[in-house]
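2 protein chains.
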Amino acid sequence: MPQVFSMQAIAHIQSGFPSKFGVPRQSGLVDALEATLIFEPEFRNDSALRGLEGFSHLWLVWVFHQAVRPTWSPTVRPPRLGGNRRVGVFATRSPFRPNPIALSAVRLAGIEHTVQWGTVLKIRGADLVDGTPVLDIKPYLPYADCIPGALGGFAAVPAEEALEVVIPPGLWERVPPAHREALRGVLAQDPRPHYQNDPQRIYGFFFAGLEVRFTVENGVLTVRDIANAPPDRNRA
Amino acid sequence: MPQVFSMQAIAHIQSGFPSKFGVPRQSGLVDALEATLIFEPEFRNDSALRGLEGFSHLWLVWVFHQAVRPTWSPTVRPPRLGGNRRVGVFATRSPFRPNPIALSAVRLAGIEHTVQWGTVLKIRGADLVDGTPVLDIKPYLPYADCIPGALGGFAAVPAEEALEVVIPPGLWERVPPAHREALRGVLAQDPRPHYQNDPQRIYGFFFAGLEVRFTVENGVLTVRDIANAPPDRNRA
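First to last, the protein sequences are chains A and B. Residue numbering for the first sequence follows this note's numbering, starting at 6 and increasing by one per position. Residue numbering for the second sequence follows this note's numbering, starting at 6 and increasing by one per position.
If you are wondering where the hints come from, they were derived from the structure by calculation, not from laboratory data. Note that the structure is predicted; figures quoted are calculated from it, not measured. C-beta atoms are modelled at their ideal positions from N, C-alpha and C, and glycine is treated no differently. Check each hint, because a few of them may be wrong.
As the list claims (entries may be wrong) - Reference listing, derived: stretches of chain A covered by chain B, where coverage requires no fewer than 3 residues with Cβ under 8 Å from a Cβ of chain B:
id, stretch
1, 22–35
2, 79–92
3, 102–115
4, 141–152
What the hints assert, rightly or not - Here are the simulated distance ranges between beta carbons:
id, chain 1, residue 1, chain 2, residue 2, range
5, B, A114, A, Y148, 19 to 27 Å
6, B, R206, A, S24, 55 to 63 Å
7, B, H118, A, N233, 52 to 60 Å
Given these sequences and hints, build the entire structure.
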């Protein structure tokens with residue numbers, strides 16, 4: 006008799022990424038990346054947030070809503086191993102697990118009162134697609150959640166895939182100043198799908214209302230174009 | 006239109022605690038406390054665990070199955086504040102949240118092949134009741150999950166509630182040696198319900214097939230009796 010539990014989204018994320026392309030692989034890699042957590046109307050209750058301001062970081066428990074597959078995958082090929090080696094799904098943070106639940110530690114940058122959505126949370130360092138459903142928010146407790154000596158297997162250290170980023174000034178001007186630091190961080194993290202490595206290919210993704218196109222060669226990412234994204238590409 | 010997601014237990018916990026009484030408040034507080042994670046038959050697949058042995062710690066995403074209430078509680082009174090101050094539920098790790106999802110970082114002590122249950126995980130430092138349903142297992146990634154400088158609000162440091170533990174030798178003999186260190190750790194963590202503080206009262210809980218009764222006065226816990234628990238009290 007399988008035990009089944011029904012979970013309801015209590016909030017969703019508003020972020021600059023309409024799809025997973027370009028999203029950093031884990032939370033915290035690009036602190037400049039800002040997102041907003043908007044509670045669903047049923048869960049807009051300011052007293053539920055009382056005391057949250059004392060915590061600098063939060064756990065978000067969310068749903069891989071774009072990774073819906075009819076079944077789970079016992080093994081996957083994580084990007085960290087070049088996309089060629091299969092490991093067990095439970096040894097990874099891959100979306101293709103039996104229950105599409107994800108976990109991200111994000112920085113709480115602010116608690117803001119808005120007219121349209123009630124009280125929202127401003128978060129930093131989020132690896133989240135626009136529209137991501139959130140099941141729970143928990144305070145990050147350093148004494149229970151931080152295990153600095155933990156052995157991280159094949160993912161022991163952050164991937165050394167930080168690219169050098171070259172952006173022609175003419176293109177950089179097209180990026181609203183508020184998004185520049187975040188965009189630079191996202192590019193340094195190598196937004197290419199898995200470990201593709203074709204110096205001739207022009208890659209692209211959408212972020213913060215822009216379409217960004219680039220090439221990568223010898224560890225250097227060069228931006229080739231930045232344009233306003235078509236309106237239908239701005240939201241997930 | 007609320008978004009609802011159906012989650013299925015992929016495993017359950019086998020532990021020495023038939024109920025939440027006596028369970029340490031967070032994972033990691035008592036490393037000697039051992040538990041076993043047993044996969045549900047549908048999810049017994051050794052290839053899904055390939056590579057897990059490289060990680061020293063895991064995240065368990067589980068369900069507060071004993072904390073079922075018809076609705077959630079926007080504010081709660083955490084034990085850390087003496088049980089008298091109300092804070093928002095999202096500023097705590099209380100069970101009484103909209104979705105009864107919990108998070109624990111545990112130490113992976115072993116991956117064991119059994120005849121009865123296939124491959125099981127031996128874990129340490131678990132704050133888990135026997136029978137707890139598990140929704141997901143993730144590797145603990147120090148570079149993403151450990152934030153040593155995080156500010157922990159009112160829960161910034163572990164509670165200084167470690168009690169001095171006094172166990173008469175005659176009673177200590179009744180504890181199987183394999184469980185002694187764990188029991189001592191559990192007692193030091195103060196198993197009394199919330200911040201009860203009646204020196205006259207004899208408290209009790211069940212652990213590892215034993216019924217343990219004790220009193221607490223002036224920071225000293227004295228064990229008053231240890232007996233074999235009635236058979237119906239051994240399982241959740």
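Status of each hint after checking the structure:
As drawn, the stretch 22–35 of chain A meets chain B at 4 residues by the rule of a beta-carbon pair under 8 Å; at three or more, the given contact holds. For the stretch 79–92 of chain A, the assignment as covered by chain B holds, since 4 residues bring a beta-carbon within under 8 Å of that chain's beta-carbons and 3 suffice. Restraint check on the stretch 102–115 of chain A versus chain B: 7 residues with Cβ-Cβ distances below 8 Å, three needed, restraint holds. Given a C-beta distance limit of less than 8 Å, the hint that chain B covers the stretch 141–152 of chain A holds, as 12 residues qualify and 3 suffice.
A beta carbon spacing of about 21 Å between A114(B) and Y148(A) agrees with the range 19 to 27 Å that was offered as a hint. With their beta carbons about 59 Å apart, R206(B) and S24(A) fall inside the hinted range of 55 to 63 Å. The beta-carbon spacing between H118(B) and N233(A), approximately 57 Å, falls within the hinted interval of 52 to 60 Å.
Of the numbered hints stated above, none is contradicted by the structure.
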